[in-house]
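Please put together the full structure from these sequences, using the hints given.
Protein chains in written order, with the working numbering: chain Y, 1 to 331; chain W, 1 to 331.
What you were told as hints is all true, and nothing was included just to trick you.
Pairs count within a copy or across copies, as identical chains cannot be separated in the list.
Taking lysine-lysine pairs in the PhoX-like style, the calculated list, with each CA pair at most 20 Å apart, reads:
#1 K98 <-> K225
#2 K179 <-> K308
#3 K243 <-> K232
#4 K243 <-> K271
#5 K225 <-> K198
#6 K266 <-> K232
#7 K154 <-> K38
#8 K243 <-> K179
#9 K214 <-> K154
#10 K104 <-> K232
#11 K59 <-> K104
#12 K98 <-> K198
#13 K179 <-> K248
#14 K248 <-> K308
#15 K39 <-> K225
No wet-lab data here; the hints were simulated from the structure. As the structure is a prediction and not an experimental result, all values here were calculated from the model.
There are 2 protein chains.
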Amino acid sequence: MFHRSVRIIATGKYIPPTVVTNVDLEQKLNLPSGWIEKKIGVFIRHYAIGETQSEMAAKAIRDALQSVNMTMEDIDCLVGANGAMEQAIPSNAALTKKALGLEKVIPAFDINSTCLSFVVAMDLVSHMVAAGQYRRVVIFSSDIASNALNWEHKESCILFGDGAAAVVIEREDNPRGPKIVASKLATYIEGAHLAEVKGGGTKLHPREYRETNKTDYLFYMEGEKMFRLSMKYIPDFLTDLLKSANCKMDDITMLIPHQASLTAMKLIQRKLGIPDENFMLTIQEYGNTIAASIPLALHDAISQGRVKRGDRIVLFGTSAGLSIGGMVLEY
Amino acid sequence: MFHRSVRIIATGKYIPPTVVTNVDLEQKLNLPSGWIEKKIGVFIRHYAIGETQSEMAAKAIRDALQSVNMTMEDIDCLVGANGAMEQAIPSNAALTKKALGLEKVIPAFDINSTCLSFVVAMDLVSHMVAAGQYRRVVIFSSDIASNALNWEHKESCILFGDGAAAVVIEREDNPRGPKIVASKLATYIEGAHLAEVKGGGTKLHPREYRETNKTDYLFYMEGEKMFRLSMKYIPDFLTDLLKSANCKMDDITMLIPHQASLTAMKLIQRKLGIPDENFMLTIQEYGNTIAASIPLALHDAISQGRVKRGDRIVLFGTSAGLSIGGMVLEY
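So this is what it looks like as structure tokens:
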């Protein structure tokens, strides 16, 4: 067990104003009315129009800081935890520092594990904060999925939305206070190509973009296979995670899953026997917002009063790679 | 000071076989003979042809592991520290796990601060290793610059090469043994757009690629401005870094800079009064290999016997963002 005494002192979010309803998408895709809700349980999602990831991140960060009457002047380090890059170079964190107009000289860098980036960033950065290297850190997740959707692939294009969330953490001096109790990340080679965007990087440069290979630059997902692979490993993974935190599912006030798919989440919930009040669902309102999904759900759980100080919560999910990751923390 | 008792137990490298000489480039670019060497001090660089970053990474990792008779079965965690992404999704680390054919289930994720990714990754991951979360970690940097060069921009296109390096670290139990003594990272907003690749991410999707905007998808650098901005902050930055390590430049056996530009490095060396034997230069052979630059130079310094157990060394450099970063460690 590697307890780290770290307190989440603030959370914030930014959701782009453009709402895309199921009716909008059912018309666009020639789907029968009600098909999308029935298939994936999402009611609406939001698309970023004319906004960048860094601009959205800056708004989520300001929302978090304002809630505790702070500004970026109170922050030591800025960490990006996104699933997508805004530009190939530099990091989203450097661009977000620019979008914030932050002259103060602090470190800015990214941590990337696709949809699990936030959990991995919390895991890594909490060590630095607990050790005293940084006093107060902002971790943000801001993702735009909407411009890399494959409209020929109905199952995935209806699922995603855009959004941003930010969390401020600081060192906790009370050993009985908030802490990260346990964390775990596992990457399974057999899922390396089940969810990907092949193009855009060094392997398939944008100059190679053609009408014939254009889907290589869009999000591709073998949903069914990913689902089966995840379900094969998730129950044991969660058992191990809770065991290393020395607790049982009954001790958990709120399980906050990556909002990947309502069907998959509901199945996990049923399999583990978790009551609705202990299981956070936001996918209906946001869709799957890639890395922003978990911190957005965390923010909503806290601001709706569903998570209170002293509660044990679990952040948990899957990501392209294929990785399964989770964290038990005392809020 | 935040000492972390961590030992570098192995290093390795992989350099793609295709050598590109100054003569090759002078012919291609219609430059007078000898112009490139005089301008930037690089003799040769290597280009990856038909190879991916993950394949190169796998070779560098195997090189490191073989040097200590280990395999990936001995490793707990795989961390990518690159400047460029191979694909938009998933992480380079997940793709490298696949390239290694590694069935063993361990975490794989990326840390990105462009050319400083390796230093930032060492900084973050060493906390986890020192805390006992992972016993033995591979950090790799594998970058392909050659396919995003702007051949109209002579100053930058002649500078870059491709390459990969890997380092294996583990927890050190002897408090007098190897350790990270101090580290520092600083991001300066005024340099956010001095080095970048605007396209390829969510802001400028590959589908927008046109003859008229094609340079937006290539590496852009305001070399002169970057140089002036770096030189403005580097001397104080290094003074602070050494102070936080409680040592002077005389105590440092080897300063290993990011091989950004020979002119800039020579100027820093002269300004700080560092003798040639304490200053590692590899740019002549490799060019600037983005994030692979520092671990490649570290590997060569160790394998050439220029760095020995117990020596104090400094890893140091600048990256797009603009960031300045450094680390003092006892090898």
